[in-house]
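Peer 1: Chains A and B are the protein sequences, given in the same order. So that you can map any letter, position 49 of the first sequence is 49 in our numbering, and since no number is skipped, the others follow by simple counting. When you read off a place in the second sequence, starting at 1, and then add 1000, the result is the number in our numbering.
It cannot be assumed that every hint is accurate.
[Said to hold, decoys possible] Below, a list of computed lysine-lysine pairs in the DSS-like style, where the Cα atoms sit at most 27 angstroms apart:
1) B:K1036 - A:K70
2) A:K107 - B:K1041
3) A:K107 - B:K1040
4) B:K1036 - A:K36
5) A:K36 - B:K1041
These aren't lab readings, by the way, just hints derived from the structure by calculation.
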Amino acid sequence: GQQVMQIPQYQHVQEGEDFTTYCNSSTTLSNIQWYKQRPGGHPVFLIQLVKSGEVKKQKRLTFQFGEAKKNSSLHITATQTTDVGTYFCAGRRNDMRFGAGTRLTVKP
Amino acid sequence: ETGVTQTPRHLVMGMTNKKSLKCEQHLGHNAMYWYKQSAKKPLELMFVYSLEERVENNSVPSRFSPECPNSSHLFLHLHTLQPEDSALYLCASSQVASGGNTGELFFGEGSRLTVL
Chain A
1 GQQVMQIPQY
11 QHVQEGEDFT
21 TYCNSSTTLS
31 NIQWYKQRPG
41 GHPVFLIQLV
51 KSGEVKKQKR
61 LTFQFGEAKK
71 NSSLHITATQ
81 TTDVGTYFCA
91 GRRNDMRFGA
101 GTRLTVKP
Chain B
1001 ETGVTQTPRH
1011 LVMGMTNKKS
1021 LKCEQHLGHN
1031 AMYWYKQSAK
1041 KPLELMFVYS
1051 LEERVENNSV
1061 PSRFSPECPN
1071 SSHLFLHLHT
1081 LQPEDSALYL
1091 CASSQVASGG
1101 NTGELFFGEG
1111 SRLTVL
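Generate the whole structure from the sequences, applying the supplied hints.
Peer 2: Below, the structure written as structure tokens:
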């Protein structure tokens, strides 16, 4: 069945360092979404990627969708303490499947 | 405020109890979802009501029973749960396009369930 794997599980960075999380699907996806969940909060939608090779930017966040539409990445440049939380990808083929998430902690 | 309201926020119940979780969305969406979030596991899709059709995950035990009386309200009825069912239960809604594209999920704050 469709599986979405996300790595790393945890990432601890010094404030100002960059951060990347990767998402890989066992099957070709129709689209992929990214969500952020702050500690004690609920997932909040960040972005959706649909096209092969698509790249989208939101300020310090850069999202990429692979050419084969089976992988995606989220890159944060110069992390800040407000970036703390767990970042989830969710890939859609027949239904939406979430990755296990990458928990980011940032040391001031 | 996400437009999706869940009650109760916290629930403690014994294994023989019957309780219900409630979700209401004020966004005019046509699909509603129940997700289970356990520590160190991916968000697990439990049930979907989309375009007035119920789609369920076959791995969900029968002690969980969903009810969707209309497009704005969703319930999860709980009966004879097990301690391993303790988790955060998240409700979400979205607007599903005619082609089936799920669209952005709007999550509620969640109901933290503890089964003793």
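Peer 1: Next step is simple, just say for each hint if it's right about the structure.
Peer 2: Hints versus structure:
For the hint pairing K1036 (chain B) with K70 (chain A), the CA-to-CA distance comes to about 25 angstroms; that is within 27 angstroms, so the pair holds. Taking the CA atoms of K107 (chain A) and K1041 (chain B), the gap is near 25 angstroms; set against the 27 angstroms cutoff, the hint holds. Of the pairs offered as hints, the one joining K107 (chain A) and K1040 (chain B) holds, with about 22 angstroms between alpha carbons and a cut-off of 27 angstroms not exceeded. For the hint linking K1036 (chain B) to K36 (chain A), the alpha-carbon distance of about 16 angstroms falls within 27 angstroms, and the restraint holds.
With a C-alpha separation of about 15 angstroms, the suggested pair K36 (chain A) and K1041 (chain B) falls inside the 27 angstroms cut-off, and the hint holds.
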